[in-house]
Amino acid sequence: MKFEELKSQIEERMKDLGAEVSGKEPNVVDVKVPRERIVEAAKRLKEMGFDHVKAVTAIDYPNERFEIVYVSSSYSNLELAYFIVNLRTDLPYDDPKMPTLLEVWPSVLYQEHEEHDLMGIVFEGHPRMGERLLLPESYEGIPPLRKEFKVKTEGINA
Amino acid sequence: MSLEERELEVLIGPQHPASGHMRLVAKIDGDIVVELRPNIGYVHRSVEKLAEVKKYLQIIPLVERPSLADTTANNLAYVMAVEKLLGIEPPPRAQYLRTLLAEINRIHSHFYGMGIHGVMIGSSTAYMWCFGDREPLIELAQELTGARLTYSYIVPGGVRRDLPQGFEDKVEKVMRYLENRMPDYFDLYFNNPVTRARLEGVGVLTKEDAIKLGVTGPNLRASGVPYDVRKAEPYAAYPELDFDVITEEAGDAFARVMVRVREIQESIKIIRQVLKKIPDGPILNEKYMKMIPPNLRKQVEETGHIKFPGVFANLRVPAGEAVARVEGGRGEVVFHIVSDGKMSPYRMRMVTPSFRNVILFEHLTKGARVADIPAIYGSLDYFPPEADR
Numbered sequence: 214m215k216f217e218e219l220k221s222q223i224e225e226r227m228k229d230l231g232a233e234v235s236g237k238e239p240n241v242v243d244v245k246v247p248r249e250r251i252v253e254a255a256k257r258l259k260e261m262g263f264d265h266v267k268a269v270t271a272i273d274y275p276n277e278r279f280e281i282v283y284v285s286s287s288y289s290n291l292e293l294a295y296f297i298v299n300l301r302t303d304l305p306y307d308d309p310k311m312p313t314l315l316e317v318w319p320s321v322l323y324q325e326h327e328e329h330d331l332m333g334i335v336f337e338g339h340p341r342m343g344e345r346l347l348l349p350e351s352y353e354g355i356p357p358l359r360k361e362f363k364v365k366t367e368g369i370n371a
Numbered sequence: 002m003s004l005e006e007r008e009l010e011v012l013i014g015p016q017h018p019a020s021g022h023m024r025l026v027a028k029i030d031g032d033i034v035v036e037l038r039p040n041i042g043y044v045h046r047s048v049e050k051l052a053e054v055k056k057y058l059q060i061i062p063l064v065e066r067p068s069l070a071d072t073t074a075n076n077l078a079y080v081m082a083v084e085k086l087l088g089i090e091p092p093p094r095a096q097y098l099r100t101l102l103a104e105i106n107r108i109h110s111h112f113y114g115m116g117i118h119g120v121m122i123g124s125s126t127a128y129m130w131c132f133g134d135r136e137p138l139i140e141l142a143q144e145l146t147g148a149r150l151t152y153s154y155i156v157p158g159g160v161r162r163d164l165p166q167g168f169e170d171k172v173e174k175v176m177r178y179l180e181n182r183m184p185d186y187f188d189l190y191f192n193n194p195v196t197r198a199r200l201e202g203v204g205v206l207t208k209e210d211a212i213k214l215g216v217t218g219p220n221l222r223a224s225g226v227p228y229d230v231r232k233a234e235p236y237a238a239y240p241e242l243d244f245d246v247i248t249e250e251a252g253d254a255f256a257r258v259m260v261r262v263r264e265i266q267e268s269i270k271i272i273r274q275v276l277k278k279i280p281d282g283p284i285l286n287e288k289y290m291k292m293i294p295p296n297l298r299k300q301v302e303e304t305g306h307i308k309f310p311g312v313f314a315n316l317r318v319p320a321g322e323a324v325a326r327v328e329g330g331r332g333e334v335v336f337h338i339v340s341d342g343k344m345s346p347y348r349m350r351m352v353t354p355s356f357r358n359v360i361l362f363e364h365l366t367k368g369a370r371v372a373d374i375p376a377i378y379g380s381l382d383y384f385p386p387e388a389d390r
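If you're matching them up, the sequences are chains A and B in order.
Heads up, the first sequence is in my numbering, so the first residue is 214 and it goes up one at a time.
Heads up, the second sequence is in my numbering, so the first residue is 2 and it goes up one at a time.
Check before you lean on any hint, since a few could be wrong.
Heads up, simulated DSSO-like pairs for lysine-lysine below, C-alpha to C-alpha not over 27 Å straight-line [to be verified]: (1) B/Lys343 <-> A/Lys360; (2) B/Lys55 <-> A/Lys365; (3) B/Lys85 <-> A/Lys360; (4) A/Lys259 <-> B/Lys308; (5) B/Lys343 <-> B/Lys308; (6) B/Lys171 <-> A/Lys259; (7) B/Lys85 <-> A/Lys220; (8) A/Lys310 <-> B/Lys50; (9) A/Lys363 <-> B/Lys56; (10) A/Lys363 <-> B/Lys343; (11) A/Lys215 <-> B/Lys85; (12) A/Lys245 <-> B/Lys85; (13) A/Lys237 <-> B/Lys56; (14) B/Lys288 <-> B/Lys55; (15) A/Lys360 <-> B/Lys56; (16) A/Lys310 <-> B/Lys213; (17) B/Lys85 <-> B/Lys291; (18) B/Lys299 <-> B/Lys288; (19) A/Lys256 <-> B/Lys213.
For the record, the hints were derived by calculation from the structure and aren't laboratory data.
Isolated chain A (complex conformation) (with noise of 0.2 Å):
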């Protein structure tokens, strides 16, 4: 399958949900849909054979917005396994919530989670919301992945 054949048959089927679809040659393709559209949009490009997801990336722009990407691929489909499909969305920055995607890619399950711990995203319906991942239970504070949360260093600059 060609670059722009894919791209074209995600446009037409993302049509009606508000999707941005652009991509970077070779085969990377990227679909910007509005966060109430997220679960159908994840849905469609399931059943194009998008079938996991390999990385759940949160982006913090400060006092502007936070972005979503999920970036998707297929297993089932070799012809899709060379493609990589970034599914965005961007949340409000006083109200970082979005609709889990868990019930269509349980592949998302500690991503999510870990999205969650580090970077206070908060993915409704999602089953370990307000669980710790990786820090410790006791943690209170900044999520520290997010830029107002500076990291002290050691040594002569510090």
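Use these hints to put chain B onto chain A, whose structure you have.
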């Protein structure tokens, strides 16, 4: 007695229950696991956060260390993501050298995993043998890179060192040793009725579940999914090499071990091809090579050891976003880097194979016997520091 009264909570760990610090919280009913939850994070070192305050070159050792035995994959995937942003390609010889180290590393990483698995099911011999036989590979890597495990060999635009003199002969010696040695493992360990009884039919992962849960590496291929990044999105010198993706159908603990054994044989095949086909030429991109001062460049040409051009110290990476993936010994390593054009990444997401596979602890142990927990754990080649990052 009601089930609640019969149910017992057993804590396994967190003081190094097997291959690193983690805790397994198991609810058991007699000898049967009702539910098991991995409790991770004991060796979390905040690699992603630290990457935001370190310079691009300093991040290379940072991303390697969590994986200990399987570092080349992290090194390579990270550098590939940076190269995508820089728009830089390594020269062909460097591509072959990257492949060479990656395959040497794959073999010793598989031995590491199999050795830990051996000792977890009570075979000290398998442990000793695997750790002994890992040594010749580590020595090869050391001769090539100067380090035993954390090589930092792969840099943007190429690799740090060329092949040492007489390296091909040493490699061939080690490959022959391995080929002669592998049958011993079958005689003593893999075909041993005790090993078979502990592993066959234990911790079965179906193909559908393997796909659904997004697991990776030998654990995925042992369930019959022929996905290997080296074929799916070929990188380094893999497009020019002939090798097979190893799969097994059973999806049990034994199949997972067998995938690793057969991959060792496949890696031997790849290493021989690399040394036969490796083209002459530079090992660092021309653009960077030109930036090395002339007197040092002469030294680089004579010794085959790269002196970093000054630009590396404060490497600026153009704004943008890149995803890179590499098939490591334990599975697929994914780097997702967002750059804003400064000297450190704006955001670096690093997803390691162990973090992808941690979900299997809860999935595979449900309804298993307590005694099978180590057999299942070991078969996953799970490494806590790699998962926690």
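Outcome of the hint check:
Taken as a hint, the lysine 343 of chain B and lysine 360 of chain A pair is honoured in the structure, with Cα atoms around 15 Å apart against an allowance of 27 Å. In summary, the hint linking lysine 55 of chain B to lysine 365 of chain A is supported, as the alpha carbons are separated by about 12 Å, within the 27 Å threshold. Between the alpha carbons of lysine 85 of chain B and lysine 360 of chain A the distance comes to roughly 25 Å, so the proposed pair stays at or under 27 Å and holds. Taking the CA atoms of lysine 259 of chain A and lysine 308 of chain B, the gap is near 47 Å; set against the 27 Å cutoff, the hint is violated.
About 23 Å separates the Cα atoms of lysine 343 of chain B and lysine 308 of chain B, which keeps this hinted pair within 27 Å; it holds. With a CA separation close to 48 Å, the supplied pair lysine 171 of chain B and lysine 259 of chain A exceeds the 27 Å bound. A C-alpha spacing of about 20 Å is found between lysine 85 of chain B and lysine 220 of chain A, which places the hinted pair at or below 27 Å, so the restraint holds. Distance restraint check for lysine 310 of chain A and lysine 50 of chain B: the Cα-Cα separation of roughly 22 Å lies within the 27 Å cut-off, and the hinted pair is therefore satisfied.
Taking the CA atoms of lysine 363 of chain A and lysine 56 of chain B, the gap is about 16 Å. The hint holds against a cut of 27 Å. As the CA atoms of lysine 363 of chain A and lysine 343 of chain B are separated by approximately 17 Å, the hinted pair is consistent with the 27 Å bound. The suggested pairing of lysine 215 of chain A with lysine 85 of chain B holds, with an alpha-carbon distance near 20 Å, which does not exceed 27 Å. The straight-line distance between the Cα atoms of lysine 245 of chain A and lysine 85 of chain B is roughly 22 Å, inside the 27 Å bound, and the hint therefore holds.
With a CA separation close to 25 Å, the supplied pair lysine 237 of chain A and lysine 56 of chain B stays within the 27 Å bound. Pair hint lysine 288 of chain B plus lysine 55 of chain B holds up; C-alpha atoms about 24 Å apart against a cutoff of 27 Å. As the CA atoms of lysine 360 of chain A and lysine 56 of chain B are separated by approximately 17 Å, the hinted pair is consistent with the 27 Å bound. For a cut-off of 27 Å, the pair hint linking lysine 310 of chain A to lysine 213 of chain B stands: about 24 Å separates their Cα positions.
Using a Cα cut-off of 27 Å, the hinted pair lysine 85 of chain B and lysine 291 of chain B holds, with the two alpha carbons roughly 20 Å apart. Using a Cα cut-off of 27 Å, the hinted pair lysine 299 of chain B and lysine 288 of chain B holds, with the two alpha carbons roughly 16 Å apart. Using a Cα cut-off of 27 Å, the hinted pair lysine 256 of chain A and lysine 213 of chain B holds, with the two alpha carbons roughly 13 Å apart.
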